[in-house]
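4 protein chains.
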Amino acid sequence: MSVKVEHRVHFYETDQMGVVHHANYFRWFELGRVEYLRAIGVTLVELINDNILFPITEIDAKFHAPARYDDLISIETTAVELTKVKLVFDYKISIVGDEKILVTGHSLNVFTDASSGKIIRVPEKYFERFRLI
Amino acid sequence: MSVKVEHRVHFYETDQMGVVHHANYFRWFELGRVEYLRAIGVTLVELINDNILFPITEIDAKFHAPARYDDLISIETTAVELTKVKLVFDYKISIVGDEKILVTGHSLNVFTDASSGKIIRVPEKYFERFRLI
Amino acid sequence: MSVKVEHRVHFYETDQMGVVHHANYFRWFELGRVEYLRAIGVTLVELINDNILFPITEIDAKFHAPARYDDLISIETTAVELTKVKLVFDYKISIVGDEKILVTGHSLNVFTDASSGKIIRVPEKYFERFRLI
Amino acid sequence: MSVKVEHRVHFYETDQMGVVHHANYFRWFELGRVEYLRAIGVTLVELINDNILFPITEIDAKFHAPARYDDLISIETTAVELTKVKLVFDYKISIVGDEKILVTGHSLNVFTDASSGKIIRVPEKYFERFRLI
Numbered sequence: 075m076s077v078k079v080e081h082r083v084h085f086y087e088t089d090q091m092g093v094v095h096h097a098n099y100f101r102w103f104e105l106g107r108v109e110y111l112r113a114i115g116v117t118l119v120e121l122i123n124d125n126i127l128f129p130i131t132e133i134d135a136k137f138h139a140p141a142r143y144d145d146l147i148s149i150e151t152t153a154v155e156l157t158k159v160k161l162v163f164d165y166k167i168s169i170v171g172d173e174k175i176l177v178t179g180h181s182l183n184v185f186t187d188a189s190s191g192k193i194i195r196v197p198e199k200y201f202e203r204f205r206l207i
Numbered sequence: 075m076s077v078k079v080e081h082r083v084h085f086y087e088t089d090q091m092g093v094v095h096h097a098n099y100f101r102w103f104e105l106g107r108v109e110y111l112r113a114i115g116v117t118l119v120e121l122i123n124d125n126i127l128f129p130i131t132e133i134d135a136k137f138h139a140p141a142r143y144d145d146l147i148s149i150e151t152t153a154v155e156l157t158k159v160k161l162v163f164d165y166k167i168s169i170v171g172d173e174k175i176l177v178t179g180h181s182l183n184v185f186t187d188a189s190s191g192k193i194i195r196v197p198e199k200y201f202e203r204f205r206l207i
Numbered sequence: 075m076s077v078k079v080e081h082r083v084h085f086y087e088t089d090q091m092g093v094v095h096h097a098n099y100f101r102w103f104e105l106g107r108v109e110y111l112r113a114i115g116v117t118l119v120e121l122i123n124d125n126i127l128f129p130i131t132e133i134d135a136k137f138h139a140p141a142r143y144d145d146l147i148s149i150e151t152t153a154v155e156l157t158k159v160k161l162v163f164d165y166k167i168s169i170v171g172d173e174k175i176l177v178t179g180h181s182l183n184v185f186t187d188a189s190s191g192k193i194i195r196v197p198e199k200y201f202e203r204f205r206l207i
Numbered sequence: 075m076s077v078k079v080e081h082r083v084h085f086y087e088t089d090q091m092g093v094v095h096h097a098n099y100f101r102w103f104e105l106g107r108v109e110y111l112r113a114i115g116v117t118l119v120e121l122i123n124d125n126i127l128f129p130i131t132e133i134d135a136k137f138h139a140p141a142r143y144d145d146l147i148s149i150e151t152t153a154v155e156l157t158k159v160k161l162v163f164d165y166k167i168s169i170v171g172d173e174k175i176l177v178t179g180h181s182l183n184v185f186t187d188a189s190s191g192k193i194i195r196v197p198e199k200y201f202e203r204f205r206l207i
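Residue numbers (my numbering), protein chains in the order written: chain A, 75 to 207; chain B, 75 to 207; chain C, 75 to 207; chain D, 75 to 207.
Next comes chain A alone, as it looks inside the complex (with noise of 0.2 Å):
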């Protein structure tokens, strides 16, 4: 499954070279992994208050056009593999109405206990929901 987020580049993002700044990019994966797991009913408040953090361990992207002030941006995210230990997902980003991809990426999740910061497999719950991608 996809999940795809708009996101309007804001002036605050771009940088003297008159583009937007790379890092603002890792960013945007942020935005449509959040939409991703919202749309399959995670969310991170409810993995937060079950005291479960998943950092990134792993990310990457290829920048092949820049997006540019105010563009119209559209971030598609697919999810790879979701498993009760690992979240995988790739990352396209385009401007709305144009099949262009400007950018493209991958990251890793893993899951963490919050308190003692060790890897942990998620409970049931969220496994059913991951089924659905």
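Simulated from the structure, these hints should not be mistaken for lab results.
Mixed in with the good hints, there may be bad ones.
Identical chains share a label here; the pair holds if one copy fits it or two copies do between them.
With a Cα cut of at most 25 Å, we get these calculated BS3-like pairs of lysine-lysine [unchecked claim]:
| no. | residue 1 | residue 2 |
| --- | --- | --- |
| 1 | Lys158 | Lys78 |
| 2 | Lys160 | Lys136 |
| 3 | Lys174 | Lys78 |
| 4 | Lys136 | Lys199 |
| 5 | Lys174 | Lys158 |
| 6 | Lys166 | Lys199 |
Using the hints, position chains B, C and D against chain A.
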């Protein structure tokens, strides 16, 4: 008392106008505030461990001239009033070696209980250090 | 006239205190300002193409209560004064569906020539639109 | 050759999980890249004045352990390949005085003409300095 701290302007702090985005000055005021408190022996970590937060309740800035990429700036923080219930600071930002003031600012923090969110008075041990200003 | 724009609070806008970092409110004021100007037919791109910049010269905020992760906030921007030489705006930030005001603010922008940096008057075509407030 | 630069973790670089938000590591890689180039006599300002941009086209990171507020971190940048058309760097982030690696990364920049956006070869004067690695 005044405390000066230096900061090199990063590329990611600029925007499309070719100068520093104005929201960054508020981050630099924070940097100045932190170093001021460190100079009188108060760290955020100690406050947090004592279950004390110190949210900003008012802040303002006047922008006279922009800082630019790679400028080495000086953030001069002056305590106006440090009491058991609040911290009031003034800020002056300039380029190191240049008397011209780029930005001035003023802030008010109060102390709150991290659990209840209510305004509190800090314990005497902090207030002793506040008298050092 | 007032213009409202909504914004979902992102995880990357929070800090270790568990609430939105205060510097973000200045970014959201910018977002409000941009949408206000768009509502009266003025875009930053047109201004930039006309070699006009409009740097912030003064800004302030009062923080009454914090916004939190995933809050859907409303940024209400009111033009106080739009003239040939300056833009003055007031801001109110609240959670959508809740009357409580979290943050209020006020800003002053002036118009400058992008090449010389000198303060200028905007051309009549802009001022006509400013009268719409 | 490797170049190390130190950075104090700011409060505004943390997020609600109580650690540094991962997007910041990409900003710190940039900081490392800038200081590496400065060490071999290349500044972004000179490149920009020569109408040369050097956008990031690929970047990745692995996060082994989080940096925290007020940590003094070391960003170690190693040039893997500096040619007339591209810059390839590796990064290692650790806490000063601690051998444990928190984050590793890898990036690819290409040189482009600032006006046309096309990939170009940098002038010989830069390449001479690139040989210093």
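Here is how each hint holds up against the structure:
Taking identical chains as interchangeable, the C-alpha atoms of Lys158 and Lys78 lie at most 25 Å apart only when both belong to the same chain, with a minimum of 24 Å there against 39 Å between chains. In this assembly of identical chains, Lys160 and Lys136 lie within 25 Å of each other by CA distance both inside one copy and across copies; the values are 22 Å within and 15 Å between. Taking the shortest Cα distances, Lys174 and Lys78 sit within 25 Å of each other inside one copy (15 Å), while across copies they are farther apart (32 Å). Within a single copy, Lys136 and Lys199 get their C-alpha atoms no closer than 35 Å, and across copies no closer than 29 Å, so neither meets the 25 Å cut-off.
In this assembly of identical chains, the alpha carbons of Lys174 and Lys158 never lie at most 25 Å apart, being 34 Å within a copy and 28 Å across copies at closest. Taking identical chains as interchangeable, the C-alpha atoms of Lys166 and Lys199 are never at most 25 Å apart, the minima being 29 Å within one chain and 38 Å between chains.
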